[in-house]
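Visitor: As you go down the protein sequences, you meet chains A and B in turn.
Per this note's numbering, the first sequence runs over residues 4 to 463.
Per this note's numbering, the second sequence runs over residues 4 to 463.
If you're looking for bench data, these hints aren't it; they were derived computationally from the structure.
One or more of the hints may lead you astray.
Just so you know, same-sequence chains aren't split out, so a pair can sit in one copy or run between any two.
[Unchecked claim] Simulated crosslink set (DSS-like; lysine-lysine; CA at most 30 Å straight-line):
| id | residue 1 | residue 2 |
| --- | --- | --- |
| 1 | Lys5 | Lys249 |
| 2 | Lys248 | Lys5 |
| 3 | Lys405 | Lys248 |
| 4 | Lys433 | Lys180 |
| 5 | Lys180 | Lys249 |
| 6 | Lys446 | Lys124 |
| 7 | Lys90 | Lys224 |
| 8 | Lys446 | Lys5 |
| 9 | Lys249 | Lys401 |
| 10 | Lys90 | Lys405 |
| 11 | Lys180 | Lys90 |
| 12 | Lys282 | Lys407 |
| 13 | Lys441 | Lys287 |
| 14 | Lys433 | Lys405 |
| 15 | Lys459 | Lys5 |
| 16 | Lys28 | Lys180 |
| 17 | Lys124 | Lys5 |
| 18 | Lys286 | Lys249 |
| 19 | Lys90 | Lys124 |
| 20 | Lys28 | Lys249 |
| 21 | Lys446 | Lys401 |
Protein chains: 2
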Amino acid sequence: MKPKAILLPAGEMPRQWYNIQADIKINPPLGPDGKPIGPEMLSPVFPMNIIEQEVSTQRWIDIPEPVLDIYSIWRPSPLIRATALEKALDTPARIYYKNEGCSPPGSHKPNTAVAQAYYNKQFGIERITTETGAGQWGSALSFACAQFGLECKVYMVRVSFEQKPYRKTMMEVWGGKCIPSPSTETKAGRDALARDPNTPGSLGIAISEAVEAAVSDTTGKTRYSLGSVLNHVMLHQTIIGLEVKKQLAMAGEYPDILIACAGGGSNFAGLAFPFVLDKINGKKIEIYPVEPQACPSMTRGLFTYDYGDTARYTPLLAMHSLGHMFVPPPIHAGGLRYHGMAPAVSQLVEEGLVTPKTVNQLSCYEAGSLFAKTEGFIPAPETTHALAQTIAEARLAKEEGKEKVIVVNFSGHGLLDLAAYERYMAGGLKDVFLSDEKIAELKDAIKGHPVPERLKSIRK
Amino acid sequence: MKPKAILLPAGEMPRQWYNIQADIKINPPLGPDGKPIGPEMLSPVFPMNIIEQEVSTQRWIDIPEPVLDIYSIWRPSPLIRATALEKALDTPARIYYKNEGCSPPGSHKPNTAVAQAYYNKQFGIERITTETGAGQWGSALSFACAQFGLECKVYMVRVSFEQKPYRKTMMEVWGGKCIPSPSTETKAGRDALARDPNTPGSLGIAISEAVEAAVSDTTGKTRYSLGSVLNHVMLHQTIIGLEVKKQLAMAGEYPDILIACAGGGSNFAGLAFPFVLDKINGKKIEIYPVEPQACPSMTRGLFTYDYGDTARYTPLLAMHSLGHMFVPPPIHAGGLRYHGMAPAVSQLVEEGLVTPKTVNQLSCYEAGSLFAKTEGFIPAPETTHALAQTIAEARLAKEEGKEKVIVVNFSGHGLLDLAAYERYMAGGLKDVFLSDEKIAELKDAIKGHPVPERLKSIRK
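Same shape as in the complex, but just chain A (with noise of 0.2 Å):
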């Protein structure tokens, strides 16, 4: 018996995680003036010390201690060669998942909430607020205010909150406390709600409801948390990547492709960036972030400065978007219905360093069922976009007959979104794709923001 999964001992974990701004350059945010902005500017939203870590160049950051000691808690995340769907593929390629639904909230998020309630404990604040999609990250974020005896509040999109009920309660059972969003306690939520009252909602207005309530709180003593996109977040998931080269280390293997779904794009980030500086230092690996053909920032949307969310309280980011006032079709991945791209990984795309590839919703759960049935634990709408590329690209290497080694982010389990699949078996879910027409009104809207510069990384 050769076990599935490839544990790496607890005391291996690693001590510091990767920044890739260290190694790739990136356009910096610029304010509503279009230039540059000075970390003071965002002092209201987010503690100093996670600004200069946004900042930061700094190859490898220590990771604090506390985070540590929580991170043990489920960390290191097994690496698991999904032998049972190999077999069902019938496949050459060697199949590795890293599970990430192994943390009390069960998906790759907590990685970077238990860092940013931490810096914020450190830096004196009391409360946090935030937003949330499909409620990974809400509750990941509950669950880490917890530990840290935070509040925390989460503005959950509308739609997902209705699809799934649980995930309030389970954000309330950590001290967490969660509304539907567009709410009426913002202005920014107010204005969505006159837009469109039936609106399904979007991470866009969330993020705007959940930045305004930070920073008109007077005390002083709430900042706000973004669970994806920023440059820190994706530094905190690295923990991720950095683990599965221990692990593959372990077995003797490396990655010909690596595979990650991505909507801000950090749980792609976690697996990727470390991988990423193998390949600027010139080794050959396939890097693929997957996205719905239901919102195709990468694939479909324009390079650009945009905002964040839709009241445009956010810098502007150099990155790929459809759009910050673009409300994504109520797909049951939430988790992936973000408008634009994290500009760390937008600048990967933009150097041919990682290929975004789509994939629409009724593979994704066709794949998610294989899985289930196969390797046992059942995906997450968001991780099943991942697990359809994985499939696709081991029915490839069959018809090419190459013993390809795929590895992939199983970012979080989906126990929490049963109904989706529930839908799915009955039939009730279909294929969304956005036409040419609706992409190109969804560019017009901003083709007159300022336009990145084409940088190149250092590639030694």
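Position chain B against the provided structure of chain A, taking the given hints into account.
Guide: Same frame as chain A, now just chain B:
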């Protein structure tokens, strides 16, 4: 940083189960005529390879390679030091929990489900029927059957079926079929509905339905599978305690107190039996199975011969029982709503080798909430019973100023039980206690049953 989790290297996973029948005597099951039954009488219900295991007195039994292979998806499971819970309780006790919630269905149940599916497949069986209380067992068996390409039909206790709608979906994702019990599909179900059309159902009724469905299939390709109570189920679960022994040795610890919840007895047996062997050999250790006050078979039931199910399809088993006709109050911990207790566990209670405890519903959710806020994982309602006792012991240790080592089995997560937490947080749950009159009435109904022999185990 000292990692919270003690991770056993993958290669160190035990390759044999521990069979307590080598070390204690258990009264044999009796047929309707009051005489011990032979293996052949069980053969319409179970495959012969499992029947052989049920009566084996061999101390160590090899775990088949294909079972080890599937175990290795989530095993060895982590043993975690509950430092945050200890801190919240300000206790000198060192608390460790064994996290069985990281399996695909989220509980300890697949430890035996995978083994049983394997043995059925080996024996040429194509279809398995079973019952489930809270849904953990039905999910686990559906998962296991998917691994071996077997059909799975689950009769789910109605009250749980209604409280936990997504359990059905979960089983269906793995290809299982799930219907509420009592159903009109079986005579046992129809009889139960005739007695009380509004019955919440019980494990006793659901077992009758599943056994009837198995034995009435004339193709001979269907068998029944039980998720607890029987010797072979306890056997398969011992991998939990065997791992814990190795993990504690890594930490240089030995438990003063072992705690697990007990419905039919399997997660308790899994943790405890390898340590009971130590106790028989003279080691000092307290071992507590914890049951709900709403269903107190060990603490207030009769040690007698009784049926395992309502329709009396099973043999008479020597166990603590509240009577096979007892329908326990509809508490959320569906897995603990069983009238009887595993004969092996009952025998240990009779001999004073383990000491049963009871807890009530509200203190359980209080414990579960505190555990979630400190250690992160949200426990299943069943698991909260073990945690309530653990917290009581940790508080006692503080009063006594003693540095005790407490090991508790975290038998499963509660992510599909959030409706119960919602009710608890809204103040909608109350304690449930059976009156002395009710207990006397229950005992009266089974007073005429054969009385087990007072057996005494060999002590070295």
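Visitor: Hint by hint, note whether the structure agrees.
Guide: Okay, the hints, checked on the actual structure:
no., hint, result
1, Lys5 with Lys249, "both (18 Å within a copy, 20 Å between copies)"
2, Lys248 with Lys5, "both (20 Å within a copy, 22 Å between copies)"
3, Lys405 with Lys248, "within (22 Å within a copy, 44 Å between copies)"
4, Lys433 with Lys180, "between (33 Å within a copy, 24 Å between copies)"
5, Lys180 with Lys249, "neither (38 Å within a copy, 41 Å between copies)"
6, Lys446 with Lys124, "neither (40 Å within a copy, 57 Å between copies)"
7, Lys90 with Lys224, "between (54 Å within a copy, 26 Å between copies)"
8, Lys446 with Lys5, "neither (51 Å within a copy, 51 Å between copies)"
9, Lys249 with Lys401, "within (27 Å within a copy, 42 Å between copies)"
10, Lys90 with Lys405, "within (15 Å within a copy, 53 Å between copies)"
11, Lys180 with Lys90, "between (44 Å within a copy, 25 Å between copies)"
12, Lys282 with Lys407, "within (17 Å within a copy, 52 Å between copies)"
13, Lys441 with Lys287, "neither (37 Å within a copy, 73 Å between copies)"
14, Lys433 with Lys405, "neither (33 Å within a copy, 61 Å between copies)"
15, Lys459 with Lys5, "neither (44 Å within a copy, 42 Å between copies)"
16, Lys28 with Lys180, "neither (38 Å within a copy, 54 Å between copies)"
17, Lys124 with Lys5, "between (44 Å within a copy, 22 Å between copies)"
18, Lys286 with Lys249, "within (17 Å within a copy, 41 Å between copies)"
19, Lys90 with Lys124, "between (48 Å within a copy, 18 Å between copies)"
20, Lys28 with Lys249, "within (27 Å within a copy, 49 Å between copies)"
21, Lys446 with Lys401, "neither (38 Å within a copy, 65 Å between copies)"
Consistency with the previously given hints fails for numbers 5, 6, 8, 13, 14, 15, 16, 21, ordered from lowest to highest.
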